[in-house]
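Listed below, chain by chain, are the residues.
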Amino acid sequence: MKIISTEIVLALILSGTIGAIAGYLGSLMLSKRMALMGGALGHLTLPGVALALLYDFDVSLGATLFLAFGVLIIWLLEQKTQLHLEALTAVVFSASLATAFLFLPKEDIDIALLGDVSQISSTTVLVTVIISMVLFFTVKKIYSSMVLASISSDLAQTSGVNLKLNNALYLICIAVTVALGVRIVGGLMTAALLAIPACTAKNISSNLSQYTIISTIAGSLACIMGVIAYAISGIPAGPLIIIASALLFLISVFKQQKD
Amino acid sequence: MANKHSVLTVNNLQIAYDDHKIISDLSFTVQQRDILIFLGPNGAGKTTLLRALQNLLPYQGSVSWNAQKISYLPPQEFLQRQNLPPLNIGEFYSFKTKDLDSIKTMIVDVGLDESLLRHQFSELSTGQFQRMLIGWALLDSPEVLILDEPTSGIDIGGEETIYSLLHKFWQNQNLTILLVTHDLNIVWEYATQVICLNKQQVCMGKPDEVLTPEQLKLLYGTGIKFYKHQHK
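Here the protein sequences come in this chain order: Z and B.
Oh and the first sequence: position 250 is 250 in the numbering used here, straight run, nothing missing.
Plus 1000 on top of the position in the second sequence (first one is 1) and you've got the numbering used here.
Keep in mind the hints are simulated off the structure, nothing from the lab.
Idealized CB from N, CA, C, for every residue including glycine.
Treat the hints loosely; a few may be bogus.
In the DSSO-like style, the derived pairs of lysine-lysine whose C-alpha atoms are separated by at most 30 Å in a straight line are [as the list claims (entries may be wrong)]: (1) B:K1096 / B:K1069; (2) B:K1168 / B:K1021; (3) Z:K202 / B:K1096; (4) B:K1069 / Z:K164; (5) B:K1217 / B:K1021; (6) B:K1021 / Z:K140.
Anything over 12 Å on all C-beta distances counts as not near chain B; from chain Z, calculated [unchecked claim]: (7) T6; (8) I8; (9) V9; (10) G16; (11) L30; (12) L61; (13) V71; (14) L72; (15) I73; (16) S122; (17) T123; (18) Q157; (19) N167; (20) C173; (21) S233.
Next up, chain B with everything else stripped away, as it sits in the complex (with noise of 0.2 Å):
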């Protein structure tokens, strides 16, 4: 039986194109406030996975919700942001929600001047489009919230704001947040559950306790070099 604080079980998953296996015989639970962060080389599955999580794609094995809300946002660059009808922030907002002072106030929530909601999506540098997709995302105050690597393609010091705007959000809501990234750093600074992907499940659990050197070597191959950020 689940457990009454958990809001995903994921139970022998399967996921294959034509007869080539994707992910194979996958199984965790999801706690309400986790952070869970999948971590895995380029080709490991990690996208495929969180969208047959959300019933983008065809699987095999169960996956069950125990949550309302859910909100998606998919890698950056599959985002058609060119060749669009010229909708500007506001009007992409309002897709969510009617109500103009929440989405005023979610708009400078993530840190943008409200006159970026008269912008389109094209005049957005890559920073600004990305925290303006989390506002969106979470302006329905969603239970989940799953992002695939949200900062690819912004630099450092942007990637930095966008994990604790979105720190900020998760300390502030009730929110689930499970996260697709490279960054060993972002699972060592936020992360409450990591599991370790390549094509199968190679690690599972809190950061300090299974990401080990040699599970690194394990997902990565050789040559990663292991650092571990420093906690007080």
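This is chain Z alone, in the form it adopts within the complex (with noise of 0.2 Å):
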């Protein structure tokens, strides 16, 4: 049976450790700026993927590749205009989204914009997990600068916070997250995967442990059962992730409720 095979074993691991490390990260991308810029990150990063199915290379590396492309159009734009960051992302990410449908198979779209869990190797197990637990120690070290950071970047920066230097890591871990998450999800879809698990944890805790907690928790088991739904009924894990994910978010306004 399906359910069993090897390949489900692995797209379980990764897509649970993806998950897990996009549930983190969104916990701290819960305030109005950010909390687009997983989506529109997710998009800019088409034409990478598109070159990697055409070419057959890791889609997460065509990901990220197009990520730091995008990135650095981005910001020369900004050095060069007087655009907002919001404004001119909105531009590039439109730009690269028609740019993909120029040169992507058409057999391939789907795995494009829903994403694609099914022939993982374990080296690329490996490797996600690797760097997901690089991402987590980083985040993790970031942490409470950046929670700082929101509430007064004044306040912050009086109390030793290098606020530049960690804005830095923030959209690095930012940009890698997403690259990751094309894989299982999409190019459509890695906002939701950022951002609702955080919305979920949100509505059911009390302090910021336990937000943290809930939000990483949440992510990774929205993958899995977004998973374990694919082997069953065939259908691509993309969307079933972000609707278990969606279904959790639900439970959570109805435990709120009730307390």
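Reassemble the complex: the two chains are provided individually, in unrelated frames, and hints are given to aid placement.
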């Protein structure tokens, strides 16, 4: 039976790990400015994913290359114009989405947009787990500084926080997490991978440590549920993961009302 | 050479946004255990000055600190209290120290109940929030405390409580305080030094000596009613 194959076990480990780190990092992004950033970055990865599918190399690698390229263009445009970072991101991500469709093979559109957890090698799983652990320790290191900075950047800086370094690390973590997430949920739904677990956690937690733990678990659990549903139904895992995440969110809403 | 008791020496400070000068040619010295109050109308550059003193803004001139630990509280309205992760007060305090006993002692010292450590930012009243912030700022025993309008949005009774709280800490610890306020009564009651600012230094010295009706008129324009707090 498909559900107990090695392929599914590898998919479960991979998705569960990416879900956990996305949930953990996403718990820091629950502010007005950052909530949609994950989505914009997800779109930015698409030409890279398209190239990876076309020339048969790793989609996360393609995604990372185009994220770096996109972020560089946004940064250059910001220097040249008076426009906000968000506005420029919108311009660049739409353009990059459109570009992706120019050379994305038709038969691979589903994979690029909705993700694919089939045919994952054990090397990919190992590399993903190692990258996720590095991400976890980096996010843990900057977590309290970033929370302090979201209260007031002056307060953070006068408390000895190197805001430029922390912001750079934060953005790199987001970009790498998006590049990992693209593999399992595709370029269209990475924002959900980052945002929904944090919303779920916020509904049912009364302090910061509960909140981060619940967000991490909710992120991982949704991915595991999605992959199991994929193994049973054969429907692409990406949408199933996001639906599972939305279901967990709904449960948290009712739990919150009961409390 | 800087006096050995001075904690801050500022020389020819100039701050500008683009070509617009906010502060020009400001020089002063702050001694240990001073309570220095910056007085001036809105837009005089008081907040800008406090931020420049802490290297949060570019400036010209020299700012030289002779203190290791400096705590700063921005105006309350500049702090985000909503749309935050569910951070409770105990966790906020633990960003500064992991010592639970000193956290508990501090929250009681600022006149709040220990149970508030489990509450979130949005659950505190404006007055409670400001006391909590003062406790946070003092948690690692700073030598200098810089406050920007610490009682904005707080009623008169609450304002008096905040200042007597600050005064209590000032008496008990080796603390130097730099403070921005609009309230002349606070200047009369607590300041050891006052600097009147309106883009440039209008007056500087002990409140009794420099805050004359003429100076206040110069500082705020016409229409200021002169009222001096009577000390025994």
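For each hint, the structure was consulted:
1. B:K1096 / B:K1069: holds (12 Å)
2. B:K1168 / B:K1021: violated (37 Å)
3. Z:K202 / B:K1096: holds (24 Å)
4. B:K1069 / Z:K164: With a Cα-Cα distance of about 22 Å, the restraint between K1069 of chain B and K164 of chain Z holds, given a limit of 30 Å.
5. B:K1217 / B:K1021: OK: K1217 of chain B and K1021 of chain B at ~22 Å, within 30 Å.
6. B:K1021 / Z:K140: violated (42 Å)
7. T6: holds (38 Å)
8. I8: It holds; I8 of chain Z is separated from chain B by about 34 Å at its closest Cβ, greater than 12 Å.
9. V9: holds (34 Å)
10. G16: For G16 of chain Z, whose nearest Cβ neighbour in chain B is about 23 Å away, the distance exceeds 12 Å, so it holds.
11. L30: violated (6 Å)
12. L61: Consistent with the label, L61 of chain Z stays out of reach of chain B, its closest Cβ about 32 Å off (over 12 Å).
13. V71: It holds; V71 of chain Z is separated from chain B by about 25 Å at its closest Cβ, greater than 12 Å.
14. L72: holds (26 Å)
15. I73: holds (28 Å)
16. S122: holds (36 Å)
17. T123: Check passes; 36 Å lies beyond 12 Å.
18. Q157: violated (6 Å)
19. N167: Non-interface label on N167 of chain Z holds, nearest chain B Cβ at 15 Å vs cutoff 12 Å.
20. C173: C173 of chain Z is indeed farther than 12 Å from all Cβ atoms of chain B, at 16 Å.
21. S233: The assertion about S233 of chain Z holds, with a minimum of 35 Å to chain B.
Of the numbered hints stated above, those contradicted by the structure are hints 2, 6, 11 and 18, listed in ascending order.
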